[in-house]
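Construct the complete structure from the given sequences, taking the supplied hints into account.
In terms of our numbering, the sequence shown opens at residue 6 and continues consecutively.
FYI, nobody ran anything at the bench for these hints, they're computed from the structure. Don't be surprised by glycine CBs; every beta carbon is placed ideally from N, CA and C. Check the hints yourself; a few may be wrong.
Straight-line Cα separation of at most 30 angstroms, DSBU-like style, residue types lysine-lysine; simulated pairs [to be verified]: (1) Lys26 <-> Lys139; (2) Lys71 <-> Lys335; (3) Lys155 <-> Lys26.
The calculated label-pair distances, taken between Cβ atoms and stated as ranges, are [stated by the list, open to error]: (4) Tyr281 <-> Lys26: 46 to 54 angstroms; (5) Asp338 <-> Gln318: 19 to 27 angstroms; (6) Phe27 <-> Lys191: 19 to 27 angstroms; (7) Ile254 <-> Lys336: 42 to 50 angstroms.
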Amino acid sequence: MLKIDMHTHIIPKHLPRWAEKFGYGDFIHLEHHREGFARMMQGDRFFREIESNCWDPDLRIQDYEKFDTQVQVVCTIPVMFSYWAQPHHCLEVSKFLNDDIADLVAKYPKNYVGLATIPMQDADLAIEELERAKNIGLKGIQIGSNIEGKNLSEDRFYPIFEACQDLDMAIMIHPWNMMGKPEMEKYWLPWLVGMPAETSRAICSLIFSGVLERLPNLRFNFSHASGSFLATIGRVEHGYNCRPDLVAIDNPINPREYLGKFWVDSITHDDKMLNYVLDMVGSDKVSLGTDYPFPLGDLEIGKFITEMDLSEQVVEDIFCNSALGWLNMKKEDFL
Numbered sequence: 006m007l008k009i010d011m012h013t014h015i016i017p018k019h020l021p022r023w024a025e026k027f028g029y030g031d032f033i034h035l036e037h038h039r040e041g042f043a044r045m046m047q048g049d050r051f052f053r054e055i056e057s058n059c060w061d062p063d064l065r066i067q068d069y070e071k072f073d074t075q076v077q078v079v080c081t082i083p084v085m086f087s088y089w090a091q092p093h094h095c096l097e098v099s100k101f102l103n104d105d106i107a108d109l110v111a112k113y114p115k116n117y118v119g120l121a122t123i124p125m126q127d128a129d130l131a132i133e134e135l136e137r138a139k140n141i142g143l144k145g146i147q148i149g150s151n152i153e154g155k156n157l158s159e160d161r162f163y164p165i166f167e168a169c170q171d172l173d174m175a176i177m178i179h180p181w182n183m184m185g186k187p188e189m190e191k192y193w194l195p196w197l198v199g200m201p202a203e204t205s206r207a208i209c210s211l212i213f214s215g216v217l218e219r220l221p222n223l224r225f226n227f228s229h230a231s232g233s234f235l236a237t238i239g240r241v242e243h244g245y246n247c248r249p250d251l252v253a254i255d256n257p258i259n260p261r262e263y264l265g266k267f268w269v270d271s272i273t274h275d276d277k278m279l280n281y282v283l284d285m286v287g288s289d290k291v292s293l294g295t296d297y298p299f300p301l302g303d304l305e306i307g308k309f310i311t312e313m314d315l316s317e318q319v320v321e322d323i324f325c326n327s328a329l330g331w332l333n334m335k336k337e338d339f340l
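If you want it as structure tokens, here you go:
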């Protein structure tokens with residue numbers, strides 16, 4: 006059975022020193038301090054140590070073969086978004102990252118599918134890079150759950166979403182820049198509590214603002230099984246019903262009506278929760294995702310799904326059909 010992991014992260018082995026070139030900012034650079042490892046540095050601050058499976062395509066393919074998985078959808082690490090930077094500098098960073106992914110896809114077309122990053126802080130430049138990304142073979146974009154604190158419902162982002170629909174480019178929403186992070190650093194709470202909330206923030210913003218209603222052919226995939234959105238849809242719907250004067254001011258449609266109209270990945274780490282997600286949105290909208298190669302991800306690449314007593318059709322939907330629908334691709338592209 007074809008298996009497509011639609012949520013993985015990659016980074017070039019070597020990055021320019023953008024802070025030195027641009028003369029400001031905590032742009033990420035890598036310090037290769039020992040064989041097979043590198044420190045991600047934000048300016049002078051240590052961010053994270055990564056291993057060579059963050060950049061070595063052959064090593065990644067070998068890792069995936071252990072779990073009988075053939076295809077990886079790759080996108081940058083969210084800290085690379087650089088939405089805080091001057092727009093033209095963010096565009097330069099985006100081009101570098103996108104060219105690296107496009108080269109990878111061209112070299113390994115049966116193993117890799119690419120998502121771009123774009124300078125969301127400037128719609129004109131974002132659309133310019135979106136068009137270029139499509140022309141170099143990328144199938145969509147990855148964007149953050151907010152853009153420097155601005156919700157995705159802001160009018161300034163609508164032309165970008167409209168261009169994605171027109172260009173047939175898929176969108177993956179990844180939580181980042183978590184709200185409340187400075188107040189909850191202990192216990193890794195930004196990643197355990199903030200990330201699920203961020204994804205729900207993005208979904209609610211896109212529903213309540215009418216983006217999903219006005220652009221029905223736009224294909225969103227929300228990370229980590231929608232974060233806390235599906236788990237709290239009852240509360241979200243109740244809020245819509247009891248305070249439409251606050252909730253339904255831009256879109257009169259009940260938020261529950263959008264279940265099954267967007268995709269989510271399978272990263273729940275919990276079989277009961279995945280069954281609930283499948284019941285909420287349908288197996289054709291749940292795609293295999295891992296967050297590889299990071300430890301909070303599903304690094305056994307869907308093993309728990311094969312142990313869940315799901316039908317063969319549901320498993321096939323999760324492992325490939327859903328991702329193919331989201332990306333608008335065919336099995337024949339990989340067989």
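How the hints compare with the structure:
1. At roughly 28 angstroms between alpha-carbon atoms, Lys26 and Lys139 fall within 30 angstroms of each other, so this suggested pair holds.
2. Distance hint between Lys71 and Lys335 is fulfilled; the C-alpha atoms sit about 24 angstroms from each other, no more than 30 angstroms.
3. Restraint check for Lys155 and Lys26: the C-alpha separation of about 28 angstroms stays at or below 30 angstroms, so the hint holds.
4. Here the CB-CB span from Tyr281 to Lys26 is close to 48 angstroms, well matched to the stated 46 to 54 angstroms.
5. For Asp338 and Gln318, the hinted distance range of 19 to 27 angstroms is satisfied, since their beta carbons lie about 21 angstroms from each other.
6. With their beta carbons about 34 angstroms apart, Phe27 and Lys191 fall outside the hinted range of 19 to 27 angstroms.
7. Here the CB-CB span from Ile254 to Lys336 is close to 43 angstroms, well matched to the stated 42 to 50 angstroms.
Of the numbered hints listed earlier, the single one contradicted by the structure is hint 6.
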